[in-house]
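Asks: So the chains spell out like this:
Number of protein chains: 2
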Amino acid sequence: MAGPRNSWQGVQDEVMQRIRTRSWKPGETIPNEADLAAEFGCARTTINRALRNLAEAGVLDRRRRAGTRVAEHPVRKATLRIPIIRREIEARGMRHGYVLLERSEHAAPETVCAEMNCDIGTRLIKVRALHLADGLPYVIEDRWINPNVVAGAREADFSEMNANEWLVTNASFTKGEFAVSARSASIEDAMTLETQAGAALINVRRTTWDGPHGITLVNLIYAPGYQIQTEI
Amino acid sequence: MAGPRNSWQGVQDEVMQRIRTRSWKPGETIPNEADLAAEFGCARTTINRALRNLAEAGVLDRRRRAGTRVAEHPVRKATLRIPIIRREIEARGMRHGYVLLERSEHAAPETVCAEMNCDIGTRLIKVRALHLADGLPYVIEDRWINPNVVAGAREADFSEMNANEWLVTNASFTKGEFAVSARSASIEDAMTLETQAGAALINVRRTTWDGPHGITLVNLIYAPGYQIQTEI
DNA sequence: ATGCCGATAATGTGCATACATATTAAGGAG
DNA sequence: CTCCTTAATATGTATGCACATTATCGGCAT
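Top to bottom, those sequences are chains A and B. Read in order, the letters of the first sequence are residues 1 to 232 in our numbering. Read in order, the letters of the second sequence are residues 1 to 232 in our numbering.
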């Protein structure tokens, strides 16, 4: 599976093995790249790639001149995949449905302006929609869009094409923020998601930016039972 | 910031620029590595590193012989950092506190056995503890440990050293699963976290494995208001 | 048309080498 | 002893080359 001993994957596996078996202990400095290359019988480049990869994963700590050490407190990194909603639903083998609940344009509340870094009073587009999986409520998409940043947003009506996909293909961002929290279902949430008020829901809030300009701020309110899963 | 045009970072930035400005459109095939190397005046290796990096980030789709294309539906990847709890609290500038609530050993429930892949009736260690930030409840750590997989777990009493840190330094895993969901506070949760029953809480469930053997299964139940944040 | 199969073109990887850069250690001046 | 300069060292990166791997394309036989 891992490939031969002299491939970067092979080196990576062997290094992991030594860390797991405590042959190299947390905090300890491991041999330098040149020595490892000699030991493994491969080029330093190969060792470098393996160790760099493990450093990115948080298993190793590398510093120039100081050398490479086994991370004392391995800050493991899990990568979350963030697909567009339609594909997330289809990937689970379910049929995607979409209902536009509201589309309006008005001066945004102060808190929204603050988060999107736009002048108070800027007229933003508000979109509220429901995504369905096999006909059942899946997630509420509650979104603000700044039409001054995204060309064509005023003309899109989001009744056929959902805002999530429209933005992915029509706007590009340089930076994004992402927060997951828990939320007690409001009466409105509960009615839309066909559940009971007070139910515990996952709320994902995402802001995306084009340079200094906030493009969109979205709250995704998932139906009960939703889980964000990944491997470490 | 980005370095000169002929560094892999420079290439990466320029490629991102072209994607953002729709100079290379989603789904479109971009020039091959050799051509790009000629255009940028650098080695193919350098181009390769830049494109490989962007492919890992989900921006590009690469296939041998078929070439490199701009991802149609950019499945962005956010990386979550998972530090040990004490350091997470200290990183926020707060003082970490710890209270062991329960430590027992008994035959595990069927559902736990199923998730940890151990025989039904296996005696597991159960640890329930509360972590505090500046004296206030921060998260409940509700954990099962398989002492047959982790040497020394039976001897550790977890009253001083918390199980989270003990495991990090005494066990190593080959694989881990990770799920975030929302949970309505039970009466017991509410009392421990000093909040009200029914409050919406973030629940992180993590299982770690050493090969085929489940090491530990933990539910982290965070106090209200907790957010998981990251950048994209 | 259909299916097999080899040529081909793209990425994936490894190697030897050179130089860049950061950081520590050592040494010298005051 | 302290501060500054300088040298040594480990990692970071770029290059040119070679070969491995794998889809895809196109031709050929059925």
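It cannot be assumed that every hint is accurate.
Chain B side only, calculated, beta carbon under 10 Å to chain A, not exhaustive [what the hints assert, rightly or not]:
1. Trp8
2. Arg65
3. Ile82
4. Cys113
5. Cys118
6. Gly121
7. Thr122
8. Ser184
9. Asp210
10. Pro212
11. Val218
12. Tyr222
DMTMM-like mimics (lysine to aspartate or glutamate), calculated; alpha carbons at most 25 Å apart, straight line [said to hold, decoys possible]:
13. A:Lys126 / A:Glu177
14. B:Lys77 / B:Glu105
15. B:Lys77 / A:Glu28
16. B:Lys175 / A:Asp210
17. B:Lys175 / A:Glu28
18. A:Lys25 / B:Glu56
19. A:Lys126 / A:Glu155
20. A:Lys25 / B:Asp61
21. B:Lys175 / A:Glu188
22. B:Lys77 / B:Asp61
23. A:Lys175 / B:Asp157
24. B:Lys175 / A:Glu88
25. A:Lys25 / B:Glu165
26. A:Lys175 / B:Asp61
27. A:Lys77 / B:Asp210
28. B:Lys25 / B:Asp61
29. B:Lys175 / A:Glu102
30. A:Lys25 / A:Glu88
31. B:Lys175 / A:Glu56
32. A:Lys126 / A:Glu56
33. A:Lys126 / A:Glu72
34. A:Lys175 / B:Glu165
35. B:Lys77 / B:Asp119
36. B:Lys77 / A:Glu102
37. B:Lys77 / A:Asp13
38. A:Lys25 / B:Glu155
39. B:Lys77 / A:Glu155
40. B:Lys25 / B:Glu72
Hints listed in this document are in silico derivations from the structure and should not be mistaken for laboratory results. In this text, a Cβ means the ideal position worked out from N, Cα and C, and glycines have one as well.
Asks: Have a go at the B:Ser184 hint: is there a Cβ in chain A nearer than 10 Å to its own Cβ?
Replies: holds (4 Å)
Asks: Closer than 10 Å between Cβ atoms is the bar; does B:Arg65 clear it against chain A? Give me holds or violated.
Replies: violated (21 Å)
Asks: Does the structure keep B:Lys175 and A:Glu56 at a Cα separation of 25 Å or less?
Replies: Holds, at about 17 Å.
Asks: Against the 25 Å threshold, does the CA-CA distance of B:Lys175 and A:Glu28 hold or violate the hint?
Replies: holds (23 Å)
Asks: Is it true that the CA of A:Lys175 sits at most 25 Å from the CA of B:Asp61?
Replies: With a Cα-Cα distance of about 20 Å, the restraint between A:Lys175 and B:Asp61 holds, given a limit of 25 Å.
Asks: Can the restraint linking B:Lys77 and A:Asp13 be considered satisfied, given a maximum Cα separation of 25 Å?
Replies: This hinted pair holds, its Cα atoms lying about 24 Å apart.
Asks: Hey, B:Lys77 versus B:Asp119, does the alpha-carbon distance stay inside 25 Å?
Replies: violated (36 Å)
Asks: With a cut-off of 25 Å on the C-alpha distance, tell me whether A:Lys175 and B:Glu165 pass.
Replies: violated (33 Å)
Asks: Within 25 Å, alpha carbon to alpha carbon, are A:Lys126 and A:Glu72?
Replies: Not OK: A:Lys126 and A:Glu72 at ~47 Å, beyond 25 Å, violated.
Asks: How about B:Tyr222: closest beta carbon in chain A under 10 Å, or not?
Replies: holds (8 Å)
Asks: Given a cut of 10 Å on the nearest C-beta pair, is the interface hint for B:Thr122 held or broken against chain A?
Replies: violated (23 Å)
Asks: Would the hint on B:Ile82 stand, with a C-beta cut-off of 10 Å toward chain A?
Replies: holds (5 Å)
Violated hints for the displayed structure, listed by number in ascending order: 1, 2, 4, 5, 6, 7, 10, 11, 14, 15, 16, 18, 20, 21, 23, 29, 30, 32, 33, 34, 35, 36, 39.
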